Amino acid sequence: MATLKLKNLSKRYGKTVWGAKDINLEVQDKEFIVLLGPSGCGKTTTMRMIAGLEEVTEGIIYIDERDVTFLPPRKRDISMVFQSYAVWPHLNVFDNIAFPLRLKKLQTSEIEKRVKDVSDLTKIGEYLQRFPRQLSGGQRQRVALARALVVQPKVFLMDEPLSNLDAKLRVKMRTEMKAIHKKTQATTVFVTHDQAEAMSMADRIVVMKEGSIVQMGTTDDVYFDCEDMFVAGFIGTPPTNFLSMELTQKDGKMLLVSSAFSFEPIGENHNTLKAFQGDRVIMGVRPESMQVHKEKTPDSVFSREVMVTEPQGSHQIVAIDLDDKILKIVAPPFPKIEPGEIVHIAFEHERLMFFAPETEKRIRKE
Amino acid sequence: MSEQIMKAKKTKKIISRTIFYLFIIFIVIVILLPIYFLLSISFMSDQEAYDWPVPLGLSFFVEFKVEPVIGTSEYLISVYSRSREEYSSLIQGSKIPEMTEFLRNKTNCNVNEEKLSEMIEAVNLLYDQNNERINILSEEISLLEKKILALNQSIIKAKRNLSIVEGRESMGDMEEQLRGDLKHYESEKESINQEIEEKKAELTPYNSTTFRVFKNLFANYVTFFKVTRDSIPALLRSIQVALLTVLIALTIGGMSGYAFARYVFKGKNVLKLSTLFVRMFPGIAIAMPMVIILAEMGFYDRPIGLSLVYSVGQIALTIWITASIFMGIPVELEEAAQVFGRTRVGAFVHITLPLALPGLAASAMYAFIGSWAETAQAIVLTQFNPTFPVVVYQTMVGAKGMVNLIAAGGVTMALPAVLFTILIRKYILQMWGGVKV
Numbered sequence: 001m002a003t004l005k006l007k008n009l010s011k012r013y014g015k016t017v018w019g020a021k022d023i024n025l026e027v028q029d030k031e032f033i034v035l036l037g038p039s040g041c042g043k044t045t046t047m048r049m050i051a052g053l054e055e056v057t058e059g060i061i062y063i064d065e066r067d068v069t070f071l072p073p074r075k076r077d078i079s080m081v082f083q084s085y086a087v088w089p090h091l092n093v094f095d096n097i098a099f100p101l102r103l104k105k106l107q108t109s110e111i112e113k114r115v116k117d118v119s120d121l122t123k124i125g126e127y128l129q130r131f132p133r134q135l136s137g138g139q140r141q142r143v144a145l146a147r148a149l150v151v152q153p154k155v156f157l158m159d160e161p162l163s164n165l166d167a168k169l170r171v172k173m174r175t176e177m178k179a180i181h182k183k184t185q186a187t188t189v190f191v192t193h194d195q196a197e198a199m200s201m202a203d204r205i206v207v208m209k210e211g212s213i214v215q216m217g218t219t220d221d222v223y224f225d226c227e228d229m230f231v232a233g234f235i236g237t238p239p240t241n242f243l244s245m246e247l248t249q250k251d252g253k254m255l256l257v258s259s260a261f262s263f264e265p266i267g268e269n270h271n272t273l274k275a276f277q278g279d280r281v282i283m284g285v286r287p288e289s290m291q292v293h294k295e296k297t298p299d300s301v302f303s304r305e306v307m308v309t310e311p312q313g314s315h316q317i318v319a320i321d322l323d324d325k326i327l328k329i330v331a332p333p334f335p336k337i338e339p340g341e342i343v344h345i346a347f348e349h350e351r352l353m354f355f356a357p358e359t360e361k362r363i364r365k366e
Numbered sequence: 001m002s003e004q005i006m007k008a009k010k011t012k013k014i015i016s017r018t019i020f021y022l023f024i025i026f027i028v029i030v031i032l033l034p035i036y037f038l039l040s041i042s043f044m045s046d047q048e049a050y051d052w053p054v055p056l057g058l059s060f061f062v063e064f065k066v067e068p069v070i071g072t073s074e075y076l077i078s079v080y081s082r083s084r085e086e087y088s089s090l091i092q093g094s095k096i097p098e099m100t101e102f103l104r105n106k107t108n109c110n111v112n113e114e115k116l117s118e119m120i121e122a123v124n125l126l127y128d129q130n131n132e133r134i135n136i137l138s139e140e141i142s143l144l145e146k147k148i149l150a151l152n153q154s155i156i157k158a159k160r161n162l163s164i165v166e167g168r169e170s171m172g173d174m175e176e177q178l179r180g181d182l183k184h185y186e187s188e189k190e191s192i193n194q195e196i197e198e199k200k201a202e203l204t205p206y207n208s209t210t211f212r213v214f215k216n217l218f219a220n221y222v223t224f225f226k227v228t229r230d231s232i233p234a235l236l237r238s239i240q241v242a243l244l245t246v247l248i249a250l251t252i253g254g255m256s257g258y259a260f261a262r263y264v265f266k267g268k269n270v271l272k273l274s275t276l277f278v279r280m281f282p283g284i285a286i287a288m289p290m291v292i293i294l295a296e297m298g299f300y301d302r303p304i305g306l307s308l309v310y311s312v313g314q315i316a317l318t319i320w321i322t323a324s325i326f327m328g329i330p331v332e333l334e335e336a337a338q339v340f341g342r343t344r345v346g347a348f349v350h351i352t353l354p355l356a357l358p359g360l361a362a363s364a365m366y367a368f369i370g371s372w373a374e375t376a377q378a379i380v381l382t383q384f385n386p387t388f389p390v391v392v393y394q395t396m397v398g399a400k401g402m403v404n405l406i407a408a409g410g411v412t413m414a415l416p417a418v419l420f421t422i423l424i425r426k427y428i429l430q431m432w433g434g435v436k437v
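Protein chains in written order, with this note's numbering: chain A, 1 to 366; chain G, 1 to 437.
Simulated from the structure, these hints should not be mistaken for lab results.
Take the hints with a grain of salt, since some may be wrong.
Claimed, not checked - Straight-line Cα separation of at most 27 angstroms, DSSO-like style, residue types lysine-lysine; simulated pairs:
1) Lys294(A) with Lys361(A)
2) Lys200(G) with Lys183(G)
3) Lys12(G) with Lys15(A)
4) Lys5(A) with Lys21(A)
5) Lys15(A) with Lys266(G)
6) Lys199(G) with Lys189(G)
If you're wondering where the values come from, they're calculated on a predicted model, not measured in any experiment.
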């Protein structure tokens, strides 16, 4: 197993369109990295450059400290799972999996052993003699996975491998793939646009937008400590609520004022905002970082009528109309909150995030 | 109520099914009948081919009748015509070798000389043994024939009188009487004719012998190859031309088809469409200037020259077929092969090519058939080394009206194309199933 390093990796289509721009990324040995972003953000382009299927415009790719930028795919010591599985329809499952091994000129007994091991791992041992068209989508997916695993590559690339499966199977495969990764300990780059998939599988998530990396970090980092409004808005369902607030001083105290309510920032927030030059901030608050009370409590910031509630079983989503914005709050399933009810809302102050309105970047303490 | 509806539905279903099957049968007949007609004509002798109506079924033997011609030393040979259901005379003569030769040409039967002389002897013997009887019967027949002559005269007379009398009201009685007479004469003539037939039938076993000979089914084919100038070399040349065309069209057309399917470039669609323009020119118009160009290249009157000219049109078709086939094969399959250890070319050869085989086979078939049966350009572009279609065409022009020979040539021409199609049918049929990932 090995490390992967991307240095200023860029891809330009035509003269002006950048598929990926200045990607700098270091993947540690045995790490599971997820490239996450909306469609067209350059995550697949980046992966295809790592695989060698796309020509690199600028930058260098290192696999295990070896410059592979201009090597053909077969010399890079990688393997890949494709979104469409790319299982060869004219070969049966065994031949599909054995294909890379045969090209490496391994002994027949060795090939059989390795195919057997990997097919047991991916639970397709009984289908080895079948042809791909006789398999279901999930089974084909497993064949593609087995084929990628059997070569024991340095880097393991997966291009949205679960997106063609149905929702239930996707969740199941997610768990299985994570278990396989635990067992094989392969350095993995996984591309997806599904944030739930990304957060549940990744050691580190790389959030991309318009060809560049916006933020990378663990699931908790990209969820609770967003680098900018894009990440905060992209990750999480329902997404972060953004509220435009005016920053003023009153009676020597700092005050955040919105059209609907005002409150005094406390603790870390106070220190962060103190250094900020400007009188408007955008406050990001996660739906889980607010509490809804039926009775007024000392920490509640404001009261408002409930517009709609969406019961979800494990929790309920409470929507509150703030004239210019709809605030969504995730509340525990009980007690049930009815539309029209007046509720009192409190913030978890340590979870609030503030962004500069012009740059949309996070305001951080100096 | 519901039962009635069910019944109505059932009837409707039966009717629509019947119409459907009738339609299918009609289509099959329309397609198969001409082919069958050509095939059966190619197995027919001259005598059969010119019978009307042309017999549809194949016959495997021919029935002959030999009878002596009274008053001469000659013999009359007749052959049984299936469509007229009677014997029709073929040849009258006394020289046996001449007669067998004639019979062979006319009926495709090898009547050997011993057999014929044997039959003649037999009929002579028969004649001697039943001389009296034959004489009596012949006399009776000639008497009856005389009677018919007399009757014919009476009929003509009656008709003439009738035409004079007709229309005059004062002679109404006479007209009626004449009509009555005419009817009487005619019925009498009919009965006498019948009598003659009976007597003749009675006479037949005494004065003639019949014999059956197996027909030589492939005589037309043998004749075709005998009468046409170098038809076997022409056949080989045609196969050479067709295979060369397939090779050229498939390599160039296949490669361009791949390029059209996989790459994005400026003017791609216009270029792809423009390849079809070549096919819009009439081949014969291109053939004339081609004579000069090919002569300059040293390819005139040679298979390679012909196949070059045919390839131009076939390449366009091949491009269209293969491009759509390659488009149906996902790029990921090739990319996966590259990731797992193949080179770009290796991925194409080992992954894409096997998957594209049905399409390639289909375009090979089109190219083969298209160049195999082409006649117009071949006539212009060859001189001393014609292809097979040209030879068939020449037979048609030279042997005026020998339909059975031409049919034999046509069937011979169709055979290699049919064989080629049968050989590659496995791959073509795959195409309609589509390449599924």
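Practice prompt. Would you list, in rising numerical order, the hints stated earlier that this structure does not obey?
Written response: Checked against the structure, the hints that fail are numbers 1, 3, while the rest are satisfied.
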